[in-house]
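**Q** Listed below, chain by chain, are the residues.
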Amino acid sequence: MSETARTTIDQAEVDRFSAMAAEWWDPNGKFRPLHKFNPVRLAYIRDAASAHFGRDPKAHLPLEGLRVLDIGCGGGLLSEPMARMGAIVVGADASEKNIGIAKTHAAGSGVEVDYRAVTAEALAEAGESFDIVLNMEVVEHVADVDFFLTTCASMVRPDGMMFVATINRTLKAAALAIFAAENVLRWLPKGTHQYEKLVRPEEIEKPLQAAGLSVTDRTGVFFNPLSNQWNLSKDMDVNYMLVARRAKA
Amino acid sequence: MIDILVAGGGYVGLSLAVALKKAAPHLVVELVDPAPAGAWQRDERASALVAAARNLLAVLGVWDKIEPEAEPIRRMVITDSRAGDPVRPVFLTFEGAGTTEEGQPFAHMVPNKAVTGSLLEAAGSLSLPVHWETSVVDFATGPHLTEVTLSNGEARQAKLLIACDGVRSKLRDIAGIKTVRFEYGQSGIVTTVEHERPHEGTAEEHFLPAGPFATLPMTGNRSSLVWTERTEDANRLIESDDLVFEEELERRFGHKLGTLRVVGGRKAFPLGLTLARAFVAPRFALAGDAAHGIHPISGQGLNLGFKDVAALAETIVEADRLGLDIGSLSVLERYETWRRFDTFRMGVTTDVLNRLFSNDVTPVRVVRDLGLGIVDRLPGLKSFFIRQAEGLTGRNQPRMLVGEAI
Chain A
1 MSETARTTID
11 QAEVDRFSAM
21 AAEWWDPNGK
31 FRPLHKFNPV
41 RLAYIRDAAS
51 AHFGRDPKAH
61 LPLEGLRVLD
71 IGCGGGLLSE
81 PMARMGAIVV
91 GADASEKNIG
101 IAKTHAAGSG
111 VEVDYRAVTA
121 EALAEAGESF
131 DIVLNMEVVE
141 HVADVDFFLT
151 TCASMVRPDG
161 MMFVATINRT
171 LKAAALAIFA
181 AENVLRWLPK
191 GTHQYEKLVR
201 PEEIEKPLQA
211 AGLSVTDRTG
221 VFFNPLSNQW
231 NLSKDMDVNY
241 MLVARRAKA
Chain B
1 MIDILVAGGG
11 YVGLSLAVAL
21 KKAAPHLVVE
31 LVDPAPAGAW
41 QRDERASALV
51 AAARNLLAVL
61 GVWDKIEPEA
71 EPIRRMVITD
81 SRAGDPVRPV
91 FLTFEGAGTT
101 EEGQPFAHMV
111 PNKAVTGSLL
121 EAAGSLSLPV
131 HWETSVVDFA
141 TGPHLTEVTL
151 SNGEARQAKL
161 LIACDGVRSK
171 LRDIAGIKTV
181 RFEYGQSGIV
191 TTVEHERPHE
201 GTAEEHFLPA
211 GPFATLPMTG
221 NRSSLVWTER
231 TEDANRLIES
241 DDLVFEEELE
251 RRFGHKLGTL
261 RVVGGRKAFP
271 LGLTLARAFV
281 APRFALAGDA
291 AHGIHPISGQ
301 GLNLGFKDVA
311 ALAETIVEAD
321 RLGLDIGSLS
331 VLERYETWRR
341 FDTFRMGVTT
351 DVLNRLFSND
361 VTPVRVVRDL
371 GLGIVDRLPG
381 LKSFFIRQAE
391 GLTGRNQPRM
401 LVGEAI
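Line order of the protein sequences matches chains A and B.
By the count of full-length UniProt numbering, the first sequence reaches residue 249 at its end, each step adding exactly one.
By the count of full-length UniProt numbering, the second sequence reaches residue 406 at its end, each step adding exactly one.
The following block holds chain B by itself, in its conformation from the complex (with noise of 0.2 Å):
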């Protein structure tokens, strides 16, 4: 018998694994995933950790070596335009000096498998098993532990399985646990280009009317691009050829970084809001994109992900810590009653600010300009928005969001 199962090899899993199994060594915890080993190799996408996650990845050991490849993010700034404006007028700045209370860049910008090698080499010192190529099948929740079925034919008995397998979440249908879910009818396409001149730090996010156009710093003279278009449009940009996508890129990004190029390659992702309708259930719980997929508009998927993170594990080990049984709903109720408001928040911000933004409507926009320009000139507003960027407020949040061991 094993304590915890963890189904899901992606940045969610990992670090909770790595996470228990780092502040209760006591723990038998086991992870596996449907991937075949190294397939996080070629994953080409950066994603922006804001501070409260980069808190979470230096508890764990990791930062120091994800540090070297990430690129601070120490200006923002927002844009509300149609693409073929010649001077977009710019509504809200953030700059980095002094916005945080350390100083600290208020996110960093990271290639995503320096996050998950990182992770997985965490895994390995602490001889916590991965099992690549494995999934879970089927599982049958009795009072004192779970039965599962793994696809490689083997089972295991488990007090408690974690599910962090992604937004068509697979065990949450096998749970019976219902989603709430919004379509947008629109993708987000995912690329990274290299441009003549530096960034300096400068993200940039415009509101372009098929929807948010946002680019992020990477190290060199390289940014990440998120480009939302309506999925019909965003499927046709990636298969047109290049010339074309380039072009296409070109009219959105502008000219003031020189001339651009596409390095790696191109991909779609359609937009949606998935809620699970309840994260825990008898010796079964739901994390990051299992339990909610947000629209990447305001970058805080991944966030999100961590602080479900930083909370499970927290409940997990201060029960055991007092000796009760860790798969049982009253334990794990903790968790959903401490993540559930603000992934509830989180969702309903983000739809609005989508569907806010991504119109053309005259009299939506001078609101919505109107609103970033009062933002912009409200120091207390705006600082509550840096604070909300980087994760970090709300009282009583999971000690390792604010870099303290379990």
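The shape of chain A in the complex, shown without the other chains (with noise of 0.2 Å):
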């Protein structure tokens, strides 16, 4: 890579969640917040790409055959699950070290992923495509969102789709999702996000819209502290997810 190429990696996040990989499969570790949040964000990706794909969401292996990019997959929360689900994976991640954790549990689950130590311009400019991109958690700890958003896209095949989770730049999110989760409530570690980093819907929809994809669906997800379960919402305030697509060739 020359020096003067544009990179979407920033270095002191890589080595902050390598730091703590050891507990991405602990359900009371760390990532707790992730188990938790991965029932509906799963439910929307699997019912999003179930009706675009024309398939049964309740079937067995709804997503058979579909290839999949998860982009930024730690530890492989949401890689074994789409695998599960019937997917051909690629579950990609800056941190070794996080591989190497997927990889291991992987292989201890019986699941088949195909989990690589490489960046998203790195699959681009190998010429990668996929039916479905999956940007989980992400956007909010890279260095060049909209290169980095630009370089997901350009993967997206033709009628394919790209999904998009993170958390709004609102004063609400400040409250809840950096405050209130990092100090109060413990759920996260503090400096799990920093308020500068996030990013409104409208960052993230521009840049997809100038890469070709339009954007179909977008939905708030809320925690219901008497369930104790996150569900959708129509406030996008704190956490959002929202779909793209690729016209058909």
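Here are the in silico distance ranges between beta carbons for each label pair:
| no. | chain 1 | residue 1 | chain 2 | residue 2 | range |
| --- | --- | --- | --- | --- | --- |
| 1 | B | V180 | A | D159 | 51 to 61 Å |
| 2 | A | K58 | B | S240 | 52 to 62 Å |
| 3 | A | D146 | B | I174 | 53 to 63 Å |
| 4 | B | A58 | A | D146 | 48 to 58 Å |
| 5 | B | P25 | A | N224 | 24 to 34 Å |
| 6 | A | D47 | B | R42 | 44 to 54 Å |
Mimicking DSS-like on lysine-lysine, the simulated pairs with C-alpha atoms at most 27 Å apart in a straight line are:
| no. | chain 1 | residue 1 | chain 2 | residue 2 |
| --- | --- | --- | --- | --- |
| 7 | B | K178 | A | K36 |
| 8 | A | K58 | B | K22 |
| 9 | A | K172 | A | K234 |
| 10 | A | K58 | A | K234 |
| 11 | A | K103 | A | K30 |
| 12 | A | K190 | A | K30 |
Since the hints were derived computationally from the structure, they do not count as laboratory data.
Glycine included, every Cβ here is placed at the ideal spot set by N, Cα and C.
Could you fit the two chains together into a complex? Lean on the hints.
**A** Rendered as structure tokens:
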């Protein structure tokens, strides 16, 4: 890579997650919130993908044969379920340590995922393409949001989809997703999220549209402390997800 | 490697295995039970099935086979009296007609073996292996599966082990899950009587000083009895000759249905409340009496078991459909949150009811009679109790309890 090449990697972020890598699969560890969050985001992906590709979301292997990229896969919390739903999954992460943990875990679970310690730009440069690109809880940790999203979008095949989930840059998000989650509830280690790195929906939609994708759905996600579950909500002020599609060729 | 091993072939284990296999046929499910094959046919007991449980059995496709042997409970009468009282003041009556939204009876009395038999038939048609005379001797839980040792020397590797092995669950002990237990020093005598005149679908519950005496209508001119006495008295009654037993029974049952005759055996079960401190552990879940053995005063033990089945099956099937690891604690915690509050509330309610009704202290009698009288006069409160008895209260019900497939 030449010295002038743009990068999406924020080394401090990669180091922070590498240091916690051993805890990825501990449901009571540092990634407990992500384990709790997993069902709602998986259901969103499965249902939107099933509707788009004409699959039955209740059937066994609803995503059979679809090629999926899980960018910033961490320990594989999303990659493994996607593979169990029948998808052919490439799990990519900038941290070698994360990839090591993910590989070991998948081998134990008997789930097949192609894990690679690689960046989005390297995958795009190698000409990789996918039916579904997952960008879940990643954009708030990258160095160059525009470039990252454009690179990911370039790997979406015609008639393919891209999912993005992140935290909005609002005062409400600063209060709930950062201050409350890190200091009061202690769900997340301090410093997991920085306010200025949070991303607004329009800052995601603009580069995606420029890259030829059209946003087809957006939703807020909210935690219900009574049921101890995350639910979809109209309120996109804190956590939100969106889907974009590339037109058929 | 298999997906799920269910330990316990009672109505909880069987209906759970059938529910899982029906909703997700690709899951590999096996069931073990220490009893010999066919032992269930000797179970002479009958149970009151509430509407919610009936819905679940209908979703599993077995209610049609049970229905011919089920007797609808159309009317429920509750009295508070001493055995010798010539006339028992009636404090509360629930009339069946129009009590539920569909005009259905709020409960049915069904012979236990009709439930077990129909579930076994369903298991057979789903090619679900049931291993009789086989129990779980030990298990060791690893990060990806649990290694189970069976009494026949075989082993199984499963993603999830579900204990439905009753109130004295051995698997719960192996998992290191502690329980909270309250003993009442009372036993429930269970038997069936034949009477001259028809019961017309009426269930009665008499709060006698020694504890509740309940009669529940069965098919023909028969009723099932749950008769609570202090444990030593109960044991004495069970061992006494037929004449003494029938004499004591008649004193409590009364003569309104004519001459009585005890049919089938009589058994006494010690009563108590046992609650597991946790319902789940990694790759392990408790269901039915293994999670909560409650006093049968309000007839909720079996129905709570079916609620566990509905919630646990839905939790597992939904997680599987999302590609999640069905044995992981984060998945199983949903079942625990779903069921624990309800179980705790029901356990405490029945405990309070029992303590309140099993005594002869006059001020307590006055208060509770007043209470029952008030309930009878307030339509809103009364329909709340009927909804409770149907098992249909509470938002966010598991789907099978309202008659929907998972």
